[in-house]
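Combine the two chains into a complex, taking the hints into account.
Keeping their order, the protein sequence lines are chains A and B. Using the working numbering, the letters of the first sequence correspond one by one to residues 5 to 336. Using the working numbering, the letters of the second sequence correspond one by one to residues 45 to 353.
Treat the hints as calculated values from the structure; they're not laboratory data. Just so we're clear, the structure is a prediction, and the values are computed from it rather than from any experiment. Hints may be right or wrong, so weigh each one.
Just a sample of chain B residues kept apart from chain A, beta carbon distances all over 12 Å, derived [to be verified]: (1) I247; (2) I265; (3) K316.
Coverage of chain A stretches by chain B, computed from C-beta distances (three or more under 8 Å per stretch; other residues unrestricted) [what the hints assert, rightly or not]: (4) 60 to 66; (5) 117 to 126; (6) 156 to 167.
Here are the computed lysine to aspartate or glutamate pairs in the EDC-like style, where the Cα-Cα straight-line distance is at most 20 Å [what the hints assert, rightly or not]: (7) K257(B) / E89(A); (8) K96(A) / D345(B); (9) K257(B) / E87(A); (10) K92(A) / E248(B); (11) K69(A) / E245(B).
Cβ coordinates follow ideal geometry from the N, Cα and C atoms, glycine included.
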Amino acid sequence: MTTKEILKIENLKTYFNTWAGIVKAVDGINLDVKEGETLGLVGESGSGKSVTALSILGIVPRPGKIIDGRILFKGENLLEKTESELQKVRGKEIGYIFQDPATSLNPVLSVANQLTEVIIRHQNVTKREALEKAIELFKLVEIPDPELKIWNFPHQLSGGMKQRMAVARALSCQPSLLLADEPTTNLDVTIQAQILQLMKTLKEKLSMAMILITHDMGVVAEVADRITVIYAGRVCETADTRTIFYKPRHPYTVALLTAVPSLALRKEELAVIPGAIPNLIDPPSGCRFHPRCKYAKAACAKEIPPLKEIEPGHFVACIRASELDIKSPLGA
Amino acid sequence: MIRKKSVESKLLVQNEKKRSKGVSQWNIAWRRFKKNRAALAGALIVGFVIFLAAFDVLIAPFHPNATPGFYIGETRSPPSLKYLFGTDYIGKDVFSQVVYGARSALFVGFASAAIAMSLAILVGLISGYYGGIIDNVLMRITEIFLVIPFLLILLVFLKVITAISPSGGGLSMVVLMIGLFSWAADARIIRGEVLRVKESEFIEASKSLGASKRRIVFRHIFPNVLHIIIVLTTLMIASAILVEAAISFLGFGDAAAITWGQQLQKANEAVKEAWWEGVFPGLFITLLVLGFSLLGNGLRDALDPRLRE
Chain A
5 MTTKEILKIE NLKTYFNTWA GIVKAVDGIN LDVKEGETLG LVGESGSGKS VTALSILGIV
65 PRPGKIIDGR ILFKGENLLE KTESELQKVR GKEIGYIFQD PATSLNPVLS VANQLTEVII
125 RHQNVTKREA LEKAIELFKL VEIPDPELKI WNFPHQLSGG MKQRMAVARA LSCQPSLLLA
185 DEPTTNLDVT IQAQILQLMK TLKEKLSMAM ILITHDMGVV AEVADRITVI YAGRVCETAD
245 TRTIFYKPRH PYTVALLTAV PSLALRKEEL AVIPGAIPNL IDPPSGCRFH PRCKYAKAAC
305 AKEIPPLKEI EPGHFVACIR ASELDIKSPL GA
Chain B
45 MIRKKSVESK LLVQNEKKRS KGVSQWNIAW RRFKKNRAAL AGALIVGFVI FLAAFDVLIA
105 PFHPNATPGF YIGETRSPPS LKYLFGTDYI GKDVFSQVVY GARSALFVGF ASAAIAMSLA
165 ILVGLISGYY GGIIDNVLMR ITEIFLVIPF LLILLVFLKV ITAISPSGGG LSMVVLMIGL
225 FSWAADARII RGEVLRVKES EFIEASKSLG ASKRRIVFRH IFPNVLHIII VLTTLMIASA
285 ILVEAAISFL GFGDAAAITW GQQLQKANEA VKEAWWEGVF PGLFITLLVL GFSLLGNGLR
345 DALDPRLRE
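So that you can see chain B by itself, here it is in the shape it has in the complex (with noise of 0.2 Å):
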């Protein structure tokens, strides 16, 4: 009898614990994203890369300028236990490059889609909320931005910088470029959920009491379009990705810096001698961006509002 009442308080007790925390539409989103196999399997993958890149330093057995196989003749030499990729043309360890390649990766999806998202966040927000000749003028810039070959304006600017000053920025200037060329799309998307979201009742109610219209912006609705904008976020991520890749490949990018694109540059010229000099780089691009993709669908299936169970 009294174990009994002693079980009941305690159901009680944690009903009370469970009660007394609201459960935001994140916490259901988290709840499905959980039970989402290939979105797990991508965050893994993401989580992966960034261990990498944290431990760097201590996970590379070598520097990755260091060239330790190339006073004793191991120039691309293939993959073994001293060399877990082998190595490229001036003895290089391919592993120690992609270990150290993976801060290079994130960088530059983290810092260009941090770029092309605050464009396009605040172009869609303000495009939407605004309308009129505000929102007419945005879109066309917009346009703009949308109908130019983007690769293709991106190596001429490239190639312009470097001509100007040799020296020309380095990898940050491939990100910032990635970044101001590639946020016209996803502008257009965000603008689209502001309109739909600014006519909701929930809007009109909050202008009934006394907000400002700063406040309506981005406290009301921009956690409204939250959603949109993450899962832009982890794709945009992995589009830049790829583009940096395919830069330093075409070998407009940085030399000097080491990303997989730039390794897949070097190893261009012996594919068919040391295939792991391109395979290895190449596959953790794929690796990276496939992440990405799968945590992007992921988050989406799991933010959609009109997934509801």
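Only chain A is shown next, with the shape it has when bound in the complex (with noise of 0.2 Å):
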């Protein structure tokens, strides 16, 4: 590909140190956004999807902590910048849109405070200026009569217009690189889809590049260039959408396709991957998917796999990948 990486991560770990233990949340993960791309993050719950992204920002809730690896933003390692330094990247550069809209808007602040804020805090405006650009903004996220809504209260907006609010917030600066993070996964279906198309528009509109985490296969289907799958802190594969989809090949990955419920595949019963996501404070040794794999063998518990490319542009950290001939679900 010609196109430049606008981020890439490499290696990066981030460890929660609990009384418990040390929980492994994220541990050596490589992944890369190219410009103007929409890369989707997918993963079952608890798999470090959300403390990815969140490690992205630097604001990893305590007792949370990066210890190791790079992230690398437009060639800046962002893991070297000061907090303040960081503050000016966030928001402007790297735009945030959380899971629930219900708690991600300040009850207490009316919708044109809590934007204005942003745009004042990033952009050399007035407030009169920044009020301008607020309403602007809020007809760009298509929420009717926005000279009168922006007086709103968090709480006198429904569920999609909360998002739509909270969209229009991560994206008042324009920034180069969206992260959402199950942006849909709280509003019913009907919304859901508006919400996305949204910000698939938005995205062509303003020419960035995104990273959509969730755990919804059909949802990054509809919106993705390319998907990485990771599984309790590692990447499992890395490859474009169409590829994930018909030629998985990571055990992983062909077992979450299976798991989608489907009204074309007219599946009889919901397909379950057995077991549960293994404990992060003490992983499983090796490739950490092996307990619940039905292809594992001894060498599996043994080395950890390697993120290797088995095609350009394919990567797949799985020992059998080249010697296993695993089908899609949805066939070829």
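Structure (structure tokens):
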């Protein structure tokens, strides 16, 4: 690919030092996002998706700590920046959309207040200009009569409206990268589609890159250009969306795809992946998926599988990737 | 037909007006407060005392230190039309003293509460938000203030201060002392509330948008704990007034000040012969404290987000 990488994460390790032991929430993740592209970050709950995103902005909640790795954003390592330098990146260069719009907006401040705050912080404008910009943003995210709605408080807006407002806030300074942490999980299905469509259009309009974090395979299929599948804090597989869906090489990716309830496949029963996500204080040795993997053999428990490029742009972390011939549940 | 249309358009305009104004949580709280009769009664009492204090010169028939009854033998005379609440041992008008005492009571209440709440808010916010060692140190200091016998230490301090300098600083010194010694419990309550709020996702969200720590504390956390602070302040005002009365009654206050507590202290020696000397100032203390307490409780009910209908 000729396009430049806007974000490159190398061997990121974010650990949580709890009383029960060290939780290795993110344990050596590698991923990259190219300019203008949408990367889907997919995994089960607790696989380290959100922690990865929070690590990028350096706002991992206590007792979490980034202990190793590099996060290169536009060629600069964010981990070497000071707090005040990072504050200038947050919201201005990188936007963040949270999962639950009901809790990610401050209940006691009006929407106008919360939007202009960000604009004033990062752009050299007066209050009036900021307000005009905020109204523009409301038009951009398709909120009806923005001049009136902007004076509302979060509790007066519906869930979909709130998420539109959160999108507007994240985009207020036209960031070049948008992190969307399950932006549609708490919305009902029709609103989900609207918000996804909106994000897709805005992404084109503002020509920014996006990381879409989700556990919903349907959502990534809709929006993402490439997909990175992570499991228990490590990357399993990275490839373009078509390849992930039709030619997956990692058993975990296949298991995820099989577990998607689908009318088209007319499955009698919902498929589940046996077992649960491992305890990240004391994770399984070798490949972290091996206790739940039906293709596992002795070697899987011994060595950590490296992330290997088996085809151009298709990375898999499975030692049996080349010998296994697994079929996508979606067919070829 | 035309008429109907005009009514419709009128409604539309009204709707527009209503919508154009955001309904903040404060609006909701005010609506709820208005329905609470006890709280309104509290507000009325407090308003009444503020009225007395504001127009004391006009309301009181005599200067509080004047002794209109002294030369004409009207000392310790019972309530009458001339002396509404009677006179005291040197012929001062009790009613005039009560009226002028309103200003002192409010000064003591508001000033002590201002000092105490400023400390409580500062300690609570910093301790709750920053956590770690800062929290630990501040909370241990707070605990020291919590365990010392409050009234006793106040009395000792005031005694020492009057011993060092006889003028002692007067009522302001009493206020300062009350303020400095009564912030601890409220600081802990505010800290607890800050701990709850700071884990909210909207705090994380404002971090993700590049807000500085100071901005998060004062702009995002503070308004979210303000409802607690308002309630604690009204209750603090009530308790400060009571404490000042107690100090004065025990003879440790500023003897030159005109306060209800001082009146009580002077009335102490003649409870049997001249009940009016003590009963009226005592009644006003009770009334004002009750007023602030009712107001505080009403505000708590109105501002508590859990009681949303």
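Here is what the structure says about each hint:
| no. | hint | result |
| --- | --- | --- |
| 1 | I247 | violated, 8 Å |
| 2 | I265 | violated, 9 Å |
| 3 | K316 | holds, 56 Å |
| 4 | 60 to 66 | holds (count 4) |
| 5 | 117 to 126 | holds (count 4) |
| 6 | 156 to 167 | holds (count 4) |
| 7 | K257(B) / E89(A) | holds, 13 Å |
| 8 | K96(A) / D345(B) | violated, 40 Å |
| 9 | K257(B) / E87(A) | holds, 10 Å |
| 10 | K92(A) / E248(B) | holds, 16 Å |
| 11 | K69(A) / E245(B) | holds, 19 Å |
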